[in-house]
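Build the full structure now, drawing on both the sequences and the hints.
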Amino acid sequence: MSEKESLFSAKNRKLIFNPLSKDNPIVVQVLGICSALAVTVKMKPAFVMTLSVLVVLSVANVLVSLIRNLIPNRIRIIVQLVVIATLVILVDQVLKAFVYDISKQLSVFVGLIITNCILMGRLEAFALGNKPWPSFLDGIGNAFGYGIILMIVAFVRELLGSGSVFGFKIIPDAWYIKNGGFYENNGLMVLSPMALITVGVIIWIHRSRNRDLVEQK
Amino acid sequence: MDRNGNKYTFIFAIAMVLLVATLLSIAAISLKPFQAKNIEIEKKTQILISVAKAQNTAQADNKNKYIETEYNKYITKSFVVNSAGDIIDGNAFNIDLAKENAKPVNERQLPVYECADDDGSVKYVLPVRGKGLWGPIWGYVSVEDDMNTVYGAIFDHKGETPGLGAEINQSWFQAPFKGKKLFDESGKLVSVKVVKGGAATNDIHGVDAISGGTITSDGVTYMLRDCMSAYEKFLSKSKK
Chain A
1 MSEKESLFSA
11 KNRKLIFNPL
21 SKDNPIVVQV
31 LGICSALAVT
41 VKMKPAFVMT
51 LSVLVVLSVA
61 NVLVSLIRNL
71 IPNRIRIIVQ
81 LVVIATLVIL
91 VDQVLKAFVY
101 DISKQLSVFV
111 GLIITNCILM
121 GRLEAFALGN
131 KPWPSFLDGI
141 GNAFGYGIIL
151 MIVAFVRELL
161 GSGSVFGFKI
171 IPDAWYIKNG
181 GFYENNGLMV
191 LSPMALITVG
201 VIIWIHRSRN
211 RDLVEQK
Chain B
1 MDRNGNKYTF
11 IFAIAMVLLV
21 ATLLSIAAIS
31 LKPFQAKNIE
41 IEKKTQILIS
51 VAKAQNTAQA
61 DNKNKYIETE
71 YNKYITKSFV
81 VNSAGDIIDG
91 NAFNIDLAKE
101 NAKPVNERQL
111 PVYECADDDG
121 SVKYVLPVRG
131 KGLWGPIWGY
141 VSVEDDMNTV
151 YGAIFDHKGE
161 TPGLGAEINQ
171 SWFQAPFKGK
181 KLFDESGKLV
191 SVKVVKGGAA
201 TNDIHGVDAI
211 SGGTITSDGV
221 TYMLRDCMSA
231 YEKFLSKSKK
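Which chain is which? The protein sequence lines are A and B, in order.
Residue 1 is where the first sequence starts when you use my numbering, and the numbers rise one by one after that.
Residue 1 is where the second sequence starts when you use my numbering, and the numbers rise one by one after that.
Check before you lean on any hint, since a few could be wrong.
Unchecked claim - The calculated lysine-lysine pairs, modelled on DSS-like cross-linking and capped at a C-alpha distance of 25 Å, are:
1) B:Lys44 to A:Lys96
2) B:Lys237 to A:Lys44
3) A:Lys42 to B:Lys158
4) B:Lys181 to B:Lys237
5) A:Lys104 to B:Lys103
6) B:Lys63 to A:Lys44
7) A:Lys104 to B:Lys63
8) B:Lys63 to B:Lys103
9) A:Lys104 to B:Lys65
10) A:Lys42 to B:Lys63
11) A:Lys42 to A:Lys131
12) B:Lys63 to A:Lys96
13) B:Lys237 to A:Lys104
14) B:Lys103 to A:Lys169
15) A:Lys104 to B:Lys43
16) B:Lys32 to A:Lys96
17) B:Lys65 to A:Lys44
18) A:Lys96 to B:Lys158
19) A:Lys96 to B:Lys237
20) A:Lys104 to B:Lys158
21) A:Lys104 to B:Lys131
Don't read these hints as lab results, they were simulated from the structure.
Just so it is clear, the structure is predicted and the values come from calculations on it, not from any experiment.
Rendered as structure tokens:
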């Protein structure tokens, strides 16, 4: 990459936009599924999780990229883990201090960012071999790609499972069977299996629109 | 220096660990007051909810301020009793129930919060703590001044199964506790039981269990029985 390349050259734009669809971490790379199942019951925790991953992934990518020439090759995985773990603990502490309710809902899942495959995957595959700015873009792009899917899954699950979107009631109270209506929330939507099925459906739709992703037989 | 040599690797690792440790210590210490405040507010909220107060938390502009105001308004007194029912020295709010429950009953410090309701009646809030399926469960039970009728209850948990045992922190599970009796007609403490398969409508000592959450439900039963029996003398002494 030449030094004079502009900040948002075509190549750099690709780093941000590719992970949104063609190279999406969840539906194409199938990374980070575990947390996608866990935090998508409601949109609010999903949103906070997205933000947390965004912060951790972009900062971790930049940090690792900055010290990429200093990291001894033999302990590079350990160094990556230390960087991620430090950032995650910082995020966790900040959430606990300023948005306690959400941090309670996220509980162990914030800690699980450490084991989120997207982070290690991007550090190892990208940040170790690229300059800080492209690494930063790559982090943002992948976190958004992850976040988009998280929000779609959470939208479907919250709407059908709890009848609300971002905590606001969408289904009128009068519709519910207990109030003499005809509607009942789908309890299964609240449980993890439906998240997996929703992700599956998203992958299905995504592949049917992006034929080139479908494996050749 | 040889970047692949042992010496460089060790120096790098040591420097990294020291740096990270310093950073995290600073963060932990500087954020501690905020976190402690959140935990305090949460505890106050739960105490208030057990006496059906602080109902408008979601609408409050400043949640902490709202809870503090409500708490100072309604929770007029808190004190510590022992299992003999006598008031002893101590700060009720700072008692760690997990530690107290590990002690023999007669050595336990038992916190009591007194709530002066709008209509002039007095309610007593008793904290409870026990074991669920995966970890601790706890809650606050408020009794009316006959020291027998449950006025309200709130429960929470560390990590019960979502959708099953975790439902103990939902209002549909907690609401039926209102109006239940702790003592039977002969004055014997029977506590409130969580009944599998549903409590009979006229059962004054039972509420419905959670289907699929049997162990958590039983945990609530044992928690109430054990904690209430520690308060038994206090309850019967203060009975009016």
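Going through the hints against the structure:
no. : hint                 : result
1   : B:Lys44 to A:Lys96   : 17 Å, holds
2   : B:Lys237 to A:Lys44  : 48 Å, violated
3   : A:Lys42 to B:Lys158  : 19 Å, holds
4   : B:Lys181 to B:Lys237 : 16 Å, holds
5   : A:Lys104 to B:Lys103 : 29 Å, violated
6   : B:Lys63 to A:Lys44   : 18 Å, holds
7   : A:Lys104 to B:Lys63  : 16 Å, holds
8   : B:Lys63 to B:Lys103  : 35 Å, violated
9   : A:Lys104 to B:Lys65  : 20 Å, holds
10  : A:Lys42 to B:Lys63   : 21 Å, holds
11  : A:Lys42 to A:Lys131  : 37 Å, violated
12  : B:Lys63 to A:Lys96   : 15 Å, holds
13  : B:Lys237 to A:Lys104 : 39 Å, violated
14  : B:Lys103 to A:Lys169 : 46 Å, violated
15  : A:Lys104 to B:Lys43  : 14 Å, holds
16  : B:Lys32 to A:Lys96   : 9 Å, holds
17  : B:Lys65 to A:Lys44   : 23 Å, holds
18  : A:Lys96 to B:Lys158  : 15 Å, holds
19  : A:Lys96 to B:Lys237  : 41 Å, violated
20  : A:Lys104 to B:Lys158 : 9 Å, holds
21  : A:Lys104 to B:Lys131 : 19 Å, holds
The structure does not agree with the numbered hints 2, 5, 8, 11, 13, 14 and 19 stated previously, though it agrees with the rest.
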